[in-house]
Each structure stands twice: as structure tokens, then as C-alpha cells.
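Undergrad: Quick note, the sequences are listed as chains B and S, same order.
Heads up, the numbering used here is the position in the first sequence plus 220, with the first residue counted as 1.
Heads up, the numbering used here is the position in the second sequence plus 220, with the first residue counted as 1.
Read the hints as simulated data drawn from the structure, not as lab findings.
One or more of the hints may lead you astray.
No more than 25 Å apart at the CA atoms, straight line, and that leaves these computed lysine-lysine pairs for BS3-like [as the list claims (entries may be wrong)]:
id: 1; chain 1: B; residue 1: K354; chain 2: B; residue 2: K370
id: 2; chain 1: B; residue 1: K267; chain 2: B; residue 2: K552
id: 3; chain 1: S; residue 1: K444; chain 2: B; residue 2: K442
id: 4; chain 1: B; residue 1: K479; chain 2: S; residue 2: K370
These numbers come from a predicted model, not from an experiment.
Number of protein chains: 2
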Amino acid sequence: MPISWRLCFEWRCVLLIMLSMLVSAFATAQNGSSDPLPSWNNGPAKKSILDFVADTTTEISPDFVPPDQRIATFDHDGTLWLEQPVVTELVFAIDRVKALAAQHPEWKHEQPFKAAIEDDQTALFASGEAGIGKIIAASHAGVTTDEFGKIVEDWISTTQNQRYKRLYTNCVYQPMLEVLAYLRANGFKTYIISSGDVDFLRPWSQRVYGVPPEQVIGSSFKMKFEMRGEKPVLMRLPETDPINDGPGKAIGTLRFIGKRPLASFGNSDDDQQMLEWTAAGAGLRLMLIVHHTDADREYAYDRISSVGRLDKVLDEATAKGWVIVDTKRDWKAIFPSSEAH
Amino acid sequence: MPISWRLCFEWRCVLLIMLSMLVSAFATAQNGSSDPLPSWNNGPAKKSILDFVADTTTEISPDFVPPDQRIATFDHDGTLWLEQPVVTELVFAIDRVKALAAQHPEWKHEQPFKAAIEDDQTALFASGEAGIGKIIAASHAGVTTDEFGKIVEDWISTTQNQRYKRLYTNCVYQPMLEVLAYLRANGFKTYIISSGDVDFLRPWSQRVYGVPPEQVIGSSFKMKFEMRGEKPVLMRLPETDPINDGPGKAIGTLRFIGKRPLASFGNSDDDQQMLEWTAAGAGLRLMLIVHHTDADREYAYDRISSVGRLDKVLDEATAKGWVIVDTKRDWKAIFPSSEAH
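Can you make the complete structure from the sequences, with help from the hints?
TA: Rendered as C-alpha cells:
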């Protein structure tokens, strides 16, 4: 190394050390005064999250986990956003059927489409899983993947939830947004594992949750590679691949990530296998369920709810000491205070 | 801001500016003397890669692409590692059938297992796709996902290629390792899109290619969530989900990543739709095929090869001006010089 370079290098070292000391002091001063989970009341749930992150990310801790193994998976409906009284994707599907009705005059006389067009929820749910499946297929398929992305973007950026009079993207749980950000700030890679259509989330997951499309896992419609003139497109077919739910959530997680999560967050019996499979890994793991107990600010539901039923997993979480969030007790706020998204 | 803090902050700024100037000077000095693709001969293929990266990552360039859209997908067999005279995963499958033969005495008299056990390649290939499928199923299923990962790790870290007398993980293409690293150094996220079993690659993709498991996409065996005593496991079933090949590579890419690649690298007609779908995106894209032309150092094959046939795509690449790598002309080295992996 020539002398001029060596001098330069030594100067660089001195400056680097000075700088890092200053940055470190600055960071400490900031951390001391800031709470990474301000929308959580102090209590066992909040403490469990903070302790888990400290234990797995502090190098001298016996439970330290290297960054490439810090995988956190989150169920979507009821864990990251509102799922009552009906899941939002079904609201989207019904709106889309209405928008398509002019091209399908036969739907006026054909169930379950008639019920969807006339907002007749009783008749719609009476059509059962097969009926709902028809609504989903008609609203989610028959377009290219690019076209569907635009349809979702248009709908999600303009449609308001009836009860809260705000966009659905603002009916996301503020305390969970904080957990997502806090985990990422500590080197975790955050994934959404939804039973819903992956392409219903991906257009806006980065903007709303800070989760990029490649970290969203969900059910999928079959696709067909087709030429449209000179240009290839991927057409969405009215047929889904195996639904990413229940055991499918554990399987889908492994298929997409190839790693076992270190932390999993859910809210219903559909998340049972994902939570169990996370728990079965070696070392410290965090399993957390959101128990909706607040009928005033949101909804209170568990064992007998038809949407987001939490029954077996509530018992299992209690028996196994998983973290149970009581939304009434633990959450200072439910949704973001302003129209953030 | 108190005065003491403000002073501190100003000092920090001064130091930061000085430091960044020094680091920048140091980096420039280094880059000026180092070639990111040392195993590539100077020529049109190398220039195309360098130009593409400069054009898409320089902020003032009209073709600049933000980092979150810098997705590069690589086929595996024949693009990143040796695929002749038979694909390595089949060598693994045959070895595994031999290892399991003691538990299956009936295989001694039953094709295609008899052929596999006796190294009778003629009889094995005469068994056709159905026969090969039986070998793959018998060797890849019937164990848990964790067990299969260990089986692959053991095999790949001990088995040598017959011609080169080196581990298969050292029969990877050095020039392509450099492309992977160079793209990542420029903010690209690199993915492997293989028609092979994703779980045959994931245990070693990070170590060998610098590609983490969650960025490996491939064909998948169906799995079943099962309890083994108190502990859940994912059992591998002898049945694959739709093979990730041909159109499936374009579909699989979108399904897993949710984004269109900016650059795609392949070597055979099986990569046609992945390349076409990449090319159909807006703005500057890079489509590159590896044409194996070097029978001395490796293998020379294209239009009539039964493994890695390159016929339609060779014409298409020529017609559309995609980059065609001529391994004899363009690659200084084929494999890493030492036992790196």
C-alpha cells in the first residue's frame, strides 16, 4: 500500500470510529425515549413481543438467531385487517359481479349472481360454498394478471367500509402495523400468509404493510400462458390451486419460503397448523393469536363465529402458553388515526 | 434542539461528508482496477451485461429502474450448472434408489428400478417418462421435508461428477456465478427458476449461488401435514404439483414473485416462455441464453440434444436480438478454479 493511501486509510479509520461512536450515542438517546409499539397497552402481550425480539436478536443471548433465519409469518384476514362482518375480498367479489352484470344479462335470473346483484345476503349465503365459489370465480378470472392487478388497485383505492366510512386499507390494525415494522427493524423478514387470493393483496401490500409482493403467499388461480397478438399474457382461469388454508398454510409457507418461521401470528382455527408447525421448530419461537374482544371499537367474536372462528386454537394457545392478544385490553388503538393509506 | 445537540449534529454532518468523500474515492479507485466479470472474454455478450446493468441502475439514465423492480431470474440446469450427459437430479435419484434397494427386494426384478440398481442406462431411458417418474417419486417422497433436506445435503456434499472428478457443486459455471454476484452488487434480487424439485436445490443454493431458499422456485412434491407423536411434520407425497417448466416457468415466476423479471437467463427451449414474458415488459430488459459450444472443456449441444435442447429459442434469440452466449468464445473459464463449494 503506498504511503499516501495508507495515510488516507488511517484517516478513514479514525473518522469511521468517531462517526460510529456519535451515531451510536444518537441512536441510544433516541431508543431510550421511543416505544416501538405505542398502540399497545403495557401488559403481558406487549412484553412477550418485546422480550422475544430482544432474546432472538441480541448476540450474547442464548436464544440469538442469525438474521437469515428471522422469518415472521402473519395471517391476513382478522390478524392484519378487519374481517367482520364479511371478509373484504367477498365485498370486492360482489362489487365486481355487479360491475360485470351488464355483460351477463342471464345473471338477473341465476343464483347466486341474482343475490349478489340485489345485495341479498341471505340468499347469497344460502347458496353455500359452491355459490360463493361461483361469485369468486366470476369476479377473479377471465382477465390477464396485469388487468386483474389494475382492477384490484382501482377498487381498493376507492371503496370505503360501510361501518367505519374509510378505505379498507385504513381498516388495518395499527398495533399490528407496529409489530410488522418493529420486526423488520430488527432484521426479520415479514411474510403474509393468506387463504385469500394472493393477487388481491399484492398490488397494495408494500404500500399498506411494507410487505413486498414476493413476501405475500396466498391461494392462487390457475393461469394460462397465451399470446395476445405478438405479446404473451398470463390469463387467469376460473379454477384455483389448492386453497392456502389450515394445513395448507404450513405447507404453503414451506413451499414458498423453504424455511420454518421463527414467529407466527394468527387469529383463527384456520391458522392452527401454521402456528403448530412454527412451534415445532427448535429454540425460542413466538406464536401469537389475536382474540377479538372489543365489540365497541371493532367486533367481539370467537368460538361460534362463522367468520374467523377461534375455538380449538383458543384452547390450544391457552394450554401451550402461546401469546393471546385481548384486543380490548391490549390495543390502545384499533385502526390508524388518520387516512394513512 | 438544544445547543449541545445541534453542535453534535453539525459535527456529525461534517464527519459524514468527509467520510463519504473518502469512501467514494476509495471505491472509484477500486472499481477502476477491477472487472466484475473476470471469467468473461471481452466481446458482445459481456458488453451487453455490463451495459444493461449500467443503464438500469444509473439514476440519470432514461432506462433507470428502481431497486424493488430489479428482479433477475435464472434457469438452473445448463444455465447455472452442468446438465450433461444427464441432469444431476437424476443421478441423485438413481443413487437414492440404490440406497433404498435393500428395503425393496422386489426392485431387483421390477423395471425401471432394476435398471437403476444395475446402472443400465439403456433400459432406464427405455422406460420413458413414466419410468423416470417412478424413479423420481421413489427417491424424492416418503420422507419428511426435514429428512429430505438432510438426504440432499449428505449426497451433494459428498458425490463427485465422474468426468470432472469434483463435487457437483463445483460443476457450476464460474462466469454465471460472477453474473449473479454482479447483479446483486447492483441491487438486483436474483432468483433461480428450475424445473427440478425445489427441495433438491434449497439446502445448498445460498452456499453455492448466494441465492437464499426463498428465492428458489421449482417443481414441488405434494405435502401432507401429519402428527408424529406430539410434533407435526410435513410428509412428502409421491405426487408432484404441475411441473415448473415451459409456460410453467413464466407462471411460476409470477406466482412466487408477483413481479415481472427485468432480466432472464436460460439455455434451452424450456425457458422460452420465461424469456418471452420477461421481454414483453415495458422498458429495457435483458434476455440471455447460454449456448453450449465447447466440447473440449464441457459439452457442445443444441438443436438435437435430448437434454437441454436449444432449437426454437436459438432462432428466436437470433431474430429478436437477445444475448447469445457462446461458451467457447465468451467464457475464459467454465468451472471455479478450485474446490470452492
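Undergrad: Evaluate each hint against the coordinates.
TA: The hints, checked one at a time:
1. K354(B) - K370(B): holds, 22 Å
2. K267(B) - K552(B): holds, 15 Å
3. K444(S) - K442(B): Holds, because 21 Å separates the two Cα atoms, which is no more than 25 Å.
4. K479(B) - K370(S): holds, 14 Å
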